[in-house]
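Okay, here's what each chain looks like letter by letter:
Protein chains: 2
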Amino acid sequence: MSKTQRYSSSTGPKPSFDPKNLPTGWQNYAIGGGAAFAVAVFLFSGKKSTERKELTPEDKFSKFTKPFDDGSSKKSAPAVATPITPIVEDDNSKPMRDKMAVFVRKMQKQIADAVDALEIESLWQAAKELGTEPKLCVRDEWIRAEGGKGLSCVLMDGNVFEKAGVLVSVVHGPASAALIKQMRARGKDGVLEESGVYKMFAAGCSMVIHPHNPNAPTAHLNYRYLELVKEGEEKPVAAWFGGGCDLTPSYLFEEDAIHFHQVIKDVCDAHDKEYYPKFKKWCDDYFYIPHRNEARGVGGIFFDDLVSENIYIFRKFIEKLSSQERGDHNEIFKFVQQCGLSFVDQYIPIMKKRWNTPFTPEMKQWQQLRRGRYVEFNLVHDRGTKFGLATPGARIESIMCSLPLTARWEYMHFPEEGSREAELVKVLKTPKDWAV
Amino acid sequence: MSKTQRYSSSTGPKPSFDPKNLPTGWQNYAIGGGAAFAVAVFLFSGKKSTERKELTPEDKFSKFTKPFDDGSSKKSAPAVATPITPIVEDDNSKPMRDKMAVFVRKMQKQIADAVDALEIESLWQAAKELGTEPKLCVRDEWIRAEGGKGLSCVLMDGNVFEKAGVLVSVVHGPASAALIKQMRARGKDGVLEESGVYKMFAAGCSMVIHPHNPNAPTAHLNYRYLELVKEGEEKPVAAWFGGGCDLTPSYLFEEDAIHFHQVIKDVCDAHDKEYYPKFKKWCDDYFYIPHRNEARGVGGIFFDDLVSENIYIFRKFIEKLSSQERGDHNEIFKFVQQCGLSFVDQYIPIMKKRWNTPFTPEMKQWQQLRRGRYVEFNLVHDRGTKFGLATPGARIESIMCSLPLTARWEYMHFPEEGSREAELVKVLKTPKDWAV
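First to last, the sequence lines map onto chains F and Y. My numbering numbers the first residue of the first sequence as 5 and each following residue consecutively. My numbering numbers the first residue of the second sequence as 5 and each following residue consecutively.
Note that these hints are calculated values from the structure, not bench results. The reader is advised that the hints may include incorrect statements.
For chains that are exact copies, the list does not tell them apart, and a pair is met inside one copy or across any two.
Said to hold, decoys possible - The calculated lysine to any residue pairs, modelled on SDA-like cross-linking and capped at a C-alpha distance of 25 Å, are:
1) Lys433 - Ala394
2) Lys139 - Pro419
3) Lys368 - Leu409
4) Lys185 - Ala394
With these hints in hand, go ahead and build the complete structure from the sequences.
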């Protein structure tokens, strides 16, 4: 498998970020990183506007160039504006919580805009001829009673996507007994005093995208930063990054799996050659459905407890990081940023190849059965979902947003030997090395 | 609410049981109760025939009278034959495991036949005019490597039913560490020696029926008998019954909930006036989805650890049973039999009223969302599912058979105030007393 199988990014949107192009209300996030406490970043300057400003049909189709023709768009394309240039993230004088809070919103916007752009692109002809309007991601904001808030961008039953949810949450408050228990179980005993009272801070962006076309794969992403602070203190006793991305096809296109893995491997390799092999295996191990004896999909990367040495080393393998990275929290943050911002390059080129390819009703039915497996993993095994459901006051709509719009369960359905369906299952039972 | 709201059973099929009317292969079950060990009951006399004998279209429509017109069927109706008369179940000289093994098959057949009969009835006109053939329950048999076997009756995508699964399993073998741990957690420490090695025996029938029509409710049933026997001994150290039935509508018809509850209340009352209130509340408590803050449905009954005094009293409330019942295992078995055999009376009259009433696409969509909640309960909370998924070698196809054929999840879907959908949710948040 040669590296040339990675899709050229020249077919993708040409991002050009200018905070002035952000919709009303969003500029705050791009420039609000100086707030003393991270949650302040998410206070709209007095406004309770939670819906994106309604676009007129003319807006929708005149302000966006057709972005995927040849990559030579002349007009600026705010729907796919990609804030590559960091604003506050490079400022090492700012607390990490503030920088991560700003970053997850930037990542969210980049992905939601790419989803919107594909919906628009897919209706380009119909829109010109029939005046059809695309469905775009709907934003809604929520506030957590115990502290913090979040912003969800969700598209349902679009032309390309069955369901796409890109969720940001930046929350803080007392660390619940359940959270502390989970932290102890994960090896953070060393920094948690028996009688200590702790506060937590968490900023993350999580995303699940389920396309309509059974040839097009589902994608998942999650990048998060957590802190535990002892009551009355300022400096966290523990702070770490976690996250990853993975791909779940209903039909296997090897070149899609290779492309998805190759993009993220390149990001990993630029930081440490040991990252990708470790995080790829971690992903295969995590997204495994024991009761079905198969992986959820063709994987990607997964990591947790990624920390710098000056806080605490939780996992053995962290010790193998270069001393530079172990000593520098900002270096890990840079890695997480580059992972998050590379998702559009990982996934959108695949979608552009697959969203409109022909399929049969039988293929759609197979996709629905695979959706059923996705639901099984998320509800039975996913640690995040389990933890969320067990947490009083957790936002159930956000937790369940990862589930597909539709799913199906048939009794005793086994694909015919030698079929394309059986080919997928075979790969799910024996993870492959996709990237070179 | 008067008792007259219970639907008259005269509109239902008139059962008349004769073992000679059973399909080939089934007679073994009706007469095989004398086997020394229960699993022997399930050995087909040398045959590996697992499929019901294929009926010709003429068979399908000439051998069945149209059963639901006026209840005055002249011909015998094997498809709805209801083996009310016990064959071996009354013989107190037989071990309970043998009697229960025979009974669960009888119950399974009664329900599967009623499901088939409704599919046939629903296509009566079409069949006469167009020669359409109904889909009937497909039987498949499985063998458990560690000991025992099962028979599944499953219908998918019929005319009336989206999915109907009636599953019997009669299994035995070494009691796993997980099972023993669960038994200890449930208070059976008193009879389990620290270093003891135990065998288990379990016979049960479980059923979930999901109809197509959103006006028609989903129904669930499970009745089971378990034994723990110390290695090398004959007499069980613990033996108990568990089970129940419950109804899950997408749209509330109060008279349906009343009828379903009234039938099972009458069965309970005939044994002990304290049964129904206790078991009704137990059901409301058990089929509750904490993360949605609502019940799965409008309830029914649920009980567990139902035992006679001479074995072991596990639960406080059992002590309140009359001394006659506490001293007589057979009395409890009779109660379980009457519960199981009354299901057809509980549910089929409701189905006959609802399966063909008009509905809109919006109603179908609401039903699909309710199916999603059903999946959430079963995968996240149901103890049986959790235990099954955690058990190595468990039969995954049987465990997942309870899931609907199709389900749906929408982000932030809340029914409009005052709507029929909101009316259902209101009742699910505050369980009602349905029976008088």
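Task: Copy assignment of Lys368 with Leu409, given that the CA separation must stay at most 25 Å - done: For Lys368 and Leu409, the Cα distance is within 25 Å both inside one copy (13 Å) and across copies (14 Å).
Open item on the list: At most 25 Å between CA atoms: does that hold for Lys433 and Ala394 within a copy, between copies, both, or neither?
Closed with: between (30 Å within a copy, 19 Å between copies)
Task: Up to 25 Å CA-CA - Ala394 versus Lys185, copy category - done: Classified as both: same-chain Cα gap 13 Å, cross-chain 22 Å, threshold 25 Å.
Open item on the list: I want to check one pair: Lys139 and Pro419. Are their C-alpha atoms no more than 25 Å apart within a copy, between two copies, both, or neither?
Closed with: between (35 Å within a copy, 22 Å between copies)
Hint compliance for this structure: no hint is broken.
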